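*Asks:* Those protein sequence lines, which keep their order, are chains C and E.
Quick note on numbering: the first sequence equals residues 1 to 265 in this note's numbering.
Quick note on numbering: the second sequence equals residues 1 to 385 in this note's numbering.
Hint data in this document are derived by calculation from the structure and do not stem from the laboratory.
Nothing here was measured: the structure is a model prediction, and the numbers come from that model.
Cβ coordinates follow ideal geometry from the N, Cα and C atoms, glycine included.
Among the hints, a few may not be true.
Mimicking EDC-like on lysine to aspartate or glutamate, the simulated pairs with C-alpha atoms at most 16 Å apart in a straight line are [claimed, not checked]:
(1) E:280 x C:88
(2) E:32 x C:181
(3) E:225 x E:382
(4) C:90 x C:181
(5) C:57 x C:111
(6) C:118 x C:101
(7) E:118 x C:156
Here are some chain E residues the structure puts well away from chain C; computed CB gaps all over 12 Å [stated by the list, open to error]:
(8) 71
(9) 72
(10) 83
(11) 127
(12) 147
(13) 151
(14) 235
(15) 248
(16) 251
(17) 253
(18) 286
(19) 288
(20) 339
(21) 378
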Amino acid sequence: MGINRRDFLKLAGLLGLGGKAAFELVLPGEVEAAVAKTEAAGTRWALVVDMRKLTDKVAARCIEACHTLHNVPNFQEPPDPKLALSEDLKNRWQIKWIWTDIYEHAFVGFEQDHKWEKLQGMNFLLLCNHCDNPPCVRVCPTKATYRRPDGIVMMDMHRCIGCRFCMAGCPYAARSFNWRDPRPYIARINPDYPTREIGVVEKCLLCEERLALGQQPACVEASGGALIFGNLNDAGSPVRAALRAHYTIRRKPHLGTNPQVYYIV
Amino acid sequence: MLENAFVGTRRYFTLLAVLATLSAVGFLVYLKQLTFGLGITGMSRDVSWGFYIAQFTYLVGVAASAVMVVLPYYLHDYKAFGRVTILGEFLAVAAVSMCLLFIIVDLGRPDRLLNVIKYPTPNSVLFWDMIVLNGYLFLNIVCGWLVLEAERNQVPPPKWLKPLILLSIPWAPSIHTVTAFLYAGLPGRGYWLTAIMAPRFLSSAFASGPALLILLALLVRRYTKFDPGREQIQTLAKIVTYAILVNVFFFFCELFTVFYSRIPEHMDHFYYLFYGLQGKGWLVPWMWFSIVGMCIAALLMVSPRIRQNETTLALTCGLIVITTYIDKGLGLISGGFVPNPLHQVNEYIPTLPEIVITLGVWATGFLILTILYKVAVSVKEEIRA
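Bound conformation, chain C alone (with noise of 0.2 Å):
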């Protein structure tokens, strides 16, 4: 007599906590994805980026958009000229919710070869993927980073202890640490959105006290059309309709995260 793979979850449930983390270590992920089947009629909230609208002046409206409704501080500008930094602590206390960078980085193990020189050199707006199964949920030791049932990935600043195991699982290089107090690089606070506090782990969370109040993100909102912003699991939404209809690309699926931005080239 066998076992199906319901049963078999049900005993692992029953195991406890032991045999959930034991399921965890071999197969990764198939428990959130069995779970995850009854919430197949719900939102599942996804990004297409169309690179043919995407022009770097675009990109940096988005992300203009991004960072000032976020407080994300900005090292390379300080407000103050005195607080100016020296290129290496630039580079290394860098914050980044969305930001660019060229093909060759942002689809590393998915090189062309020279036909297709038209990708080398262009460059993509890169965010958090709010991947399907994603690796820096499953390392953190606190759920302070854990997977809405829409999909994003959220991240509870007030619990994160800063122990950074996400930065290292995420294979985007989508988070970003405060090495330092960001309050002073920070050109105009908004009072809307919080700032942060030494030592905890941010990243782009899709907006989402926005897409509470029934806002599109606000990289979208900037984007004149070059990000397309919807539910991936109604049929009839904008990205829905951009995946049928164009050939897109996503950054490491070959990881098995599933990331859930999508580029039309």
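Given the structure of chain C, go ahead and fit chain E onto it with the hints provided.
*Replies:* Chain E alone, transformed into the frame defined by chain C:
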């Protein structure tokens, strides 16, 4: 027994004073880190773990290696090691204490440390690391202390202790295995993503730990009336020999897979460490010294003449401690983070405050070690007299 820690020679108290001072200086700089943030270290967005986590990793190995004296004595009834088990166990206590301190100084928010217990998360390897490290610390304090006390009173140790001692044997490799799993399960880090990481950790631990123990045993013999024994040291030397040979073998297994498969994500980290990448590579001479030195030490240890001469043995053990330290303490963490997941090379160089804090933790560990060894040696001297 503890009263033995409060009496001693001038040299003993001078050593304690030096270690306490270093520890205090480290603590003062740590206060600065607490107020300013981890920005006083050389760590960065790309290399988000550095010197602290590297020391932690190396010292977990030193701690685990206590099993190399405990196992032969309790499982194989190898009587000669009865004299040195306590040295191994107390070395483990000091090493695990340093591990825990290095974790704490590495945290961005040490005030929230207890969140790991308040919100237990079994899918995080760090959760298990906390459990195995604290468990191992407890086991070694209890087993070491009670066996020593029984020895002093010339009675057999309490019966209920035996299961704890036996438990400490598989527990030792578990601490280093779990520590290897911190790294070896991360999808985007080619340097660490290797099944041989835990075996490599163990082989390097079982070489470096007993090598350090040999050096400590020679120091104990030189400066106290207690002789850990020539036979004991020679047996430890054989353990070091096998372990360092296996460690070198594992390293070449790793090299074969990485370079024969030619997968860039795995190769580039080795290129960075051994040749430099995109014009950067301050670790290159260190890494070559480490691997060449390790191979030479392994060959030297094979020769009975060199092993049996305690001077050449001590020198070779010193070389093993240094080369395995460079491999784990410098190469492992930097090599894993450089190049970053976007294939950019941003190097990591520890800063002065970071090094002072690190020295402070080492000094604290050696302070614990000195006190524990003083207690153990006094008891041993007492029995002999």
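*Asks:* Does each hint hold? Answer for all of them.
*Replies:* Now for the hints, and whether the structure bears them out:
Restraint check: the Cα-Cα separation between residue 280 (chain E) and residue 88 (chain C) comes to about 14 Å, which is no more than 16 Å; the hinted pair holds. At roughly 13 Å between alpha-carbon atoms, residue 32 (chain E) and residue 181 (chain C) fall within 16 Å of each other, so this suggested pair holds. Taking the CA atoms of residue 225 (chain E) and residue 382 (chain E), the gap is near 10 Å; set against the 16 Å cutoff, the hint holds. For the suggested pair residue 90 (chain C) and residue 181 (chain C), the alpha carbons sit about 14 Å apart, so the restraint of at most 16 Å is met.
A distance of roughly 25 Å separates the Cα atoms of residue 57 (chain C) and residue 111 (chain C); the hinted pair therefore is violated under the 16 Å criterion. Between residue 118 (chain C) and residue 101 (chain C), the direct Cα distance comes to roughly 15 Å. Compliance with the 16 Å bound is thereby established for this hinted pair. At roughly 15 Å between alpha-carbon atoms, residue 118 (chain E) and residue 156 (chain C) fall within 16 Å of each other, so this suggested pair holds. Distance to chain C confirms residue 71 (chain E) as a non-interface residue, since its nearest Cβ pair spans about 26 Å, more than 12 Å.
The Cβ of residue 72 (chain E) sits about 31 Å from the closest Cβ of chain C, beyond the 12 Å cut-off, so the non-interface label holds. The claim that residue 83 (chain E) lies off the interface holds: its Cβ sits roughly 39 Å from the closest Cβ of chain C, which is beyond the 12 Å cut-off. For residue 127 (chain E), the shortest C-beta to C-beta distance to chain C comes to about 5 Å, within the 12 Å cut-off, and the non-interface label is violated. The Cβ of residue 147 (chain E) lies farther than 12 Å from every Cβ of chain C, with a closest approach of about 31 Å, so its non-interface assignment holds.
No beta-carbon of chain C is positioned within 12 Å of the beta-carbon of residue 151 (chain E); the least distance is around 37 Å. Its beta-carbon lying about 36 Å from the closest one in chain C, residue 235 (chain E) satisfies the requirement of being farther than 12 Å from that chain. The non-interface label for residue 248 (chain E) is consistent with chain C: the shortest C-beta to C-beta separation is roughly 27 Å, beyond 12 Å. For residue 251 (chain E), the non-interface assignment is confirmed: its Cβ lies about 22 Å from the closest Cβ of chain C, beyond the 12 Å cut-off.
For residue 253 (chain E), the condition that its CB be more than 12 Å from all CB atoms of chain C holds, with the nearest at approximately 23 Å. Annotated as non-interface, residue 286 (chain E) keeps its C-beta farther than 12 Å from every C-beta of chain C; the closest such distance is 21 Å. Separation of residue 288 (chain E) from chain C is adequate, the least Cβ-Cβ distance of about 26 Å exceeding the 12 Å criterion. The beta carbon of residue 339 (chain E) sits about 9 Å from the closest Cβ of chain C, which is not more than 12 Å, so the claim that it is off the interface is violated.
Once the 12 Å rule is applied to beta carbons, residue 378 (chain E) is consistent with being away from chain C; the minimum gap is 40 Å.
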